[in-house]
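The lines below spell out each chain.
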Amino acid sequence: MCEANAYVIKDGKEEIYLESVDILKPEGNQIYLRNIFGEQKVFKGKIKEMSLLNHKIILEEEK
Amino acid sequence: MIKIAVIDGQGGGIGSFIIKSLRESFGDKIEIIALGTNAAATANMMKSKANKGASGENAIVWNASKVDLIIGPLSILVANAMMGELTSKMAEAVGNSPAKKFLLPINQEGIEIISVVKEPLPHLVEKLILHIKEEFNV
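Line by line, the protein sequences are chains A and B. Residue numbers for the first sequence follow numbering that gives the first Met the number 0, so the first one is 0 and each next one is one higher. Residue numbers for the second sequence follow numbering that gives the first Met the number 0, so the first one is 0 and each next one is one higher.
These are calculated hints, taken from the structure and not from any lab test. Mixed in with the good hints, there may be bad ones.
[What the hints assert, rightly or not] Derived DSSO-like pairs (lysine-lysine); straight-line CA-CA distance at most 30 Å:
1. LYS40/A to LYS19/B
2. LYS12/A to LYS65/B
3. LYS46/B to LYS88/B
4. LYS117/B to LYS55/A
5. LYS55/A to LYS126/B
6. LYS46/B to LYS24/A
7. LYS48/B to LYS24/A
8. LYS99/B to LYS65/B
9. LYS47/A to LYS117/B
10. LYS9/A to LYS117/B
11. LYS45/A to LYS117/B
[Said to hold, decoys possible] Here are a few chain B residues that sit away from chain A, every Cβ distance over 12 Å (derived from the structure):
12. GLY8
13. ILE29
14. GLY55
15. VAL60
16. PHE101
17. LEU129
18. GLU134
A virtual CB, placed ideally from N, CA and C, is assigned to each residue, including glycine.
Same shape as in the complex, but just chain A:
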């Protein structure tokens, strides 16, 4: 029910991609993300993991 931060795994580390994500929508091989401030991003890749308790979305880049 609450916003989450989206991270991308880079060199084995989690790097913040977009904070306070409100909407996350898969669109083909891309993922549309929009946060509570209205900032939008389109990520090319897939969702690796979501932890709603920790408000965390982990994204994985397409190789």
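With chain A held as given, fit chain B onto it using these hints.
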């Protein structure tokens, strides 16, 4: 009836969520004025059932002193916040207003308020509603 101004900018998502929650909790016991720093933000807030809406610097400056309560993200007190949409005059008008201000500690300007625990927007709005109930006996 208490008159509440909800101020937001950019996409108006935060203001829109606040208004939706206020309307669900208080129905028509309150009057909500949506003040957007731009027309898109106001339009979004109007969709959430604000009573009236107005956009831009003059609307915010004019209305800020005519309401009982101002609600919005912390950015509404910060000149040049929201990518510059929040002008110095808007911030000054909010600051000068005799209305009570209930601000949510969320912003993109890197302002951290010490001792405030970071919480998701719905939790902050729940607390905001309790605060209004206590303060105004609505």
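Hint by hint, here is what the structure shows:
1. LYS40/A to LYS19/B: Holds: LYS40/A and LYS19/B sit about 25 Å apart, inside 30 Å.
2. LYS12/A to LYS65/B: violated, 51 Å
3. LYS46/B to LYS88/B: Holds, at about 27 Å.
4. LYS117/B to LYS55/A: Distance ~14 Å between LYS117/B and LYS55/A Cα, so the pair holds.
5. LYS55/A to LYS126/B: At roughly 23 Å apart (the allowed maximum being 30 Å), LYS126/B and LYS55/A satisfy the hint.
6. LYS46/B to LYS24/A: holds, 22 Å
7. LYS48/B to LYS24/A: Status holds; Cα separation ~26 Å.
8. LYS99/B to LYS65/B: holds, 11 Å
9. LYS47/A to LYS117/B: Holds, at roughly 25 Å.
10. LYS9/A to LYS117/B: holds, 26 Å
11. LYS45/A to LYS117/B: Since the Cα atoms of LYS45/A and LYS117/B sit roughly 28 Å apart, the hinted pair holds (cutoff 30 Å).
12. GLY8: violated, 9 Å
13. ILE29: Answer for ILE29/B: holds, closest chain A Cβ roughly 23 Å.
14. GLY55: holds, 18 Å
15. VAL60: holds, 23 Å
16. PHE101: holds, 17 Å
17. LEU129: Per Cβ check, LEU129/B is outside 12 Å of chain A; nearest 17 Å; holds.
18. GLU134: holds, 25 Å
Going down the numbered hints, you'll see the structure goes against 2, 12, while the others check out.
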